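Residues per chain are reported as follows:
There are 2 protein chains.
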Amino acid sequence: MAAAGGSKTLVEIFYDVVSPYSWLGFEVLCRYRHNWSIELRFRPAFLGGIMKETGNQPPAMVPKRGEYMMKDIKRMAKYYQVPLQIPKDFVGSVIRKGSLSAMRFITAVDMTQPQFLEPVSRELWMRIWSRDEDITQPESILAAAGEAGLPSALAQKLLAMTSTPEVKNRLKETTEEALKYGAFGMPAVVAHVNGEAHLFFGSDRLELLGKVIAQDATQTPQAWSEGQRFTFPHPATAGYRERKAEREDTEGKLNPQGQGWGTYQEWTLKCCLPKKRGP
Amino acid sequence: MAAAGGSKTLVEIFYDVVSPYSWLGFEVLCRYRHNWSIELRFRPAFLGGIMKETGNQPPAMVPKRGEYMMKDIKRMAKYYQVPLQIPKDFVGSVIRKGSLSAMRFITAVDMTQPQFLEPVSRELWMRIWSRDEDITQPESILAAAGEAGLPSALAQKLLAMTSTPEVKNRLKETTEEALKYGAFGMPAVVAHVNGEAHLFFGSDRLELLGKVIAQDATQTPQAWSEGQRFTFPHPATAGYRERKAEREDTEGKLNPQGQGWGTYQEWTLKCCLPKKRGP
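For the record, the sequence lines run as chains A and B. Take the first sequence: its position 176, counting from 1, is numbered 176 in the UniProt record's numbering, and each next residue is one higher. Take the second sequence: its position 154, counting from 1, is numbered 154 in the UniProt record's numbering, and each next residue is one higher.
Please keep in mind that the hints were generated in silico from the structure rather than gathered at the bench. In this text, all values refer to a predicted model and were calculated from it rather than measured experimentally. One should not assume that every hint holds.
Unchecked claim - So the derived list for chain A, only partly shown, Cβ under 7 angstroms to chain B, looks like this: (1) R41; (2) F42; (3) K52; (4) P58; (5) V62; (6) K74; (7) Q113; (8) Q115; (9) M161; (10) Y181; (11) G182; (12) F184; (13) F201; (14) D204.
Stated by the list, open to error - Only pairs whose alpha carbons sit at most 20 angstroms apart, straight line, appear in this in silico SDA-like list of lysine to any residue: (15) A/K74 with B/P63; (16) A/K97 with A/G49; (17) B/K211 with A/R75; (18) A/K52 with B/P63; (19) A/K74 with A/G55; (20) A/K52 with B/K172; (21) B/K71 with A/H198; (22) B/K172 with B/M161; (23) A/K74 with B/K71; (24) A/K74 with B/G210; (25) B/K64 with A/R75; (26) A/K78 with B/V193; (27) B/K71 with A/A197; (28) B/K74 with A/G210; (29) A/K172 with A/R75; (30) A/K78 with B/E196; (31) B/K71 with A/G49; (32) A/K64 with B/N56; (33) B/K211 with A/I73; (34) A/K64 with B/M161; (35) A/K74 with B/K211; (36) B/K64 with A/G55; (37) B/K64 with B/F90; (38) A/K74 with A/K52; (39) B/K180 with B/G55; (40) B/K64 with A/M111.
Virtual Cβ for every residue (Gly too), placed ideally from N, Cα, C.
Using the sequences and the accompanying hints, generate a full structural model.
Below you can see the structure in the form of structure tokens.
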């Protein structure tokens, strides 16, 4: 697949909102896309299908690994300043209830209203992986769509679409595409560099991903150095200044010790966090 | 466990030379120890025992995960400039033959000649994970010990020790200690900070490890800032200048494209690589 848009490297992220590491990878790539000069393409897919097809099992099936994972997720979320919280009933919310209806809704958004793909995905993560709320019922999905700014009538229409073969097949196809790239879990990040697809599993190979992107011949030296020359706040982030005031208290919660997190992380946090919720 | 040596944070790395990610973690921590102001303690343990006790399985048991792991190891090794190569017969060398005799020998070194623990471990990794050589036969182990500078008579004596209950029990105890900290694979890195043991699995949580170390109350601001103020070459690395010339061609092989790797990685590479081998 060729890079879209001249000097930008195409990077795809295959994700499922049931996966906390997918959320971390999603947010971090949303932050880096301006600096790395990448065309970031969101590819909603179904983790259950990937696990079944590859014979993989959730890491928590080995009890000690599960215990560690809970600590790791908390530390990673704090480090990357994503407001992630483990659901109280992890097995019930994540393993049993799953994400099929949510991922079908996101797929319908992707097919017809792609400009809402990023915020709808984020609001569903905010429900299951931050506020411990349901994402399987129609009203839960509609609430997330509303938070993302999708007009109510349109959200209803997309919800109806989720039972059509078109949406079901599209989700299957995207999942199969991830499998074709070698995915066995999520997130699966695929960087298209010099005619080759490079798969990175998880949210923890950012240094390798950055190195591969830097080797892309379609990246002009200008694009790369412009991407690296960011200011605070980044000019590409519309509305940063206007939204700053209303986010002050959210920031306070995320950074209770008042410790410094570095300038880059500070602005990415402010750029990417979902809007503050009402009283 | 209290921090050893005043202002230095105690960091333990539990490892087995059969594990390639252990080698990466080991080399990277060897490089960072001067900068992070840590007391790095090597804890040779037995990966087979950890997998059995926790019910964990090698990642390669899921075929797609195994395929990915091979690519990931190569990319990580190149990025961190560790001369790691996948053995041709991976299953035979790594899974079937294993590392029990090698880890017993390393344990004997740890018990009686701890100053050789780091180089002997590295030379065994160089055999199995760089030159695709055996590490199970007595002559293989003695050859690694010789490369590490251990006198021949002493190496023979340590080899004889490997069949004693003292050495066998010590390896079991270290493995049990890793399990007690929550390990389910290797490397298992344990940072002792403010009276708490923080487990990090694998070689890819360096950012989190660095953050935890920086929060250690036993780290004086002076020690931390001195650690970060490194020069090229680092003054703590004895013999760097003398050994530089003989390493030139090794560097050429490791960095075939002649790409820049950054100053910090350059010097750490030169500090940590095993000595160039004969003609």
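Here's how the hints hold up against the structure:
{"no.": "1", "hint": "R41", "verdict": "violated, 21 angstroms"}
{"no.": "2", "hint": "F42", "verdict": "violated, 22 angstroms"}
{"no.": "3", "hint": "K52", "verdict": "violated, 12 angstroms"}
{"no.": "4", "hint": "P58", "verdict": "violated, 12 angstroms"}
{"no.": "5", "hint": "V62", "verdict": "holds, 5 angstroms"}
{"no.": "6", "hint": "K74", "verdict": "violated, 10 angstroms"}
{"no.": "7", "hint": "Q113", "verdict": "violated, 33 angstroms"}
{"no.": "8", "hint": "Q115", "verdict": "violated, 33 angstroms"}
{"no.": "9", "hint": "M161", "verdict": "violated, 31 angstroms"}
{"no.": "10", "hint": "Y181", "verdict": "violated, 10 angstroms"}
{"no.": "11", "hint": "G182", "verdict": "holds, 6 angstroms"}
{"no.": "12", "hint": "F184", "verdict": "holds, 4 angstroms"}
{"no.": "13", "hint": "F201", "verdict": "holds, 6 angstroms"}
{"no.": "14", "hint": "D204", "verdict": "holds, 5 angstroms"}
{"no.": "15", "hint": "A/K74 with B/P63", "verdict": "violated, 29 angstroms"}
{"no.": "16", "hint": "A/K97 with A/G49", "verdict": "holds, 15 angstroms"}
{"no.": "17", "hint": "B/K211 with A/R75", "verdict": "holds, 10 angstroms"}
{"no.": "18", "hint": "A/K52 with B/P63", "verdict": "holds, 13 angstroms"}
{"no.": "19", "hint": "A/K74 with A/G55", "verdict": "violated, 27 angstroms"}
{"no.": "20", "hint": "A/K52 with B/K172", "verdict": "violated, 37 angstroms"}
{"no.": "21", "hint": "B/K71 with A/H198", "verdict": "holds, 10 angstroms"}
{"no.": "22", "hint": "B/K172 with B/M161", "verdict": "holds, 15 angstroms"}
{"no.": "23", "hint": "A/K74 with B/K71", "verdict": "violated, 28 angstroms"}
{"no.": "24", "hint": "A/K74 with B/G210", "verdict": "holds, 16 angstroms"}
{"no.": "25", "hint": "B/K64 with A/R75", "verdict": "violated, 28 angstroms"}
{"no.": "26", "hint": "A/K78 with B/V193", "verdict": "holds, 18 angstroms"}
{"no.": "27", "hint": "B/K71 with A/A197", "verdict": "holds, 12 angstroms"}
{"no.": "28", "hint": "B/K74 with A/G210", "verdict": "holds, 16 angstroms"}
{"no.": "29", "hint": "A/K172 with A/R75", "verdict": "violated, 33 angstroms"}
{"no.": "30", "hint": "A/K78 with B/E196", "verdict": "holds, 18 angstroms"}
{"no.": "31", "hint": "B/K71 with A/G49", "verdict": "violated, 23 angstroms"}
{"no.": "32", "hint": "A/K64 with B/N56", "verdict": "holds, 9 angstroms"}
{"no.": "33", "hint": "B/K211 with A/I73", "verdict": "holds, 15 angstroms"}
{"no.": "34", "hint": "A/K64 with B/M161", "verdict": "violated, 33 angstroms"}
{"no.": "35", "hint": "A/K74 with B/K211", "verdict": "holds, 14 angstroms"}
{"no.": "36", "hint": "B/K64 with A/G55", "verdict": "holds, 9 angstroms"}
{"no.": "37", "hint": "B/K64 with B/F90", "verdict": "holds, 15 angstroms"}
{"no.": "38", "hint": "A/K74 with A/K52", "verdict": "violated, 27 angstroms"}
{"no.": "39", "hint": "B/K180 with B/G55", "verdict": "holds, 15 angstroms"}
{"no.": "40", "hint": "B/K64 with A/M111", "verdict": "violated, 29 angstroms"}
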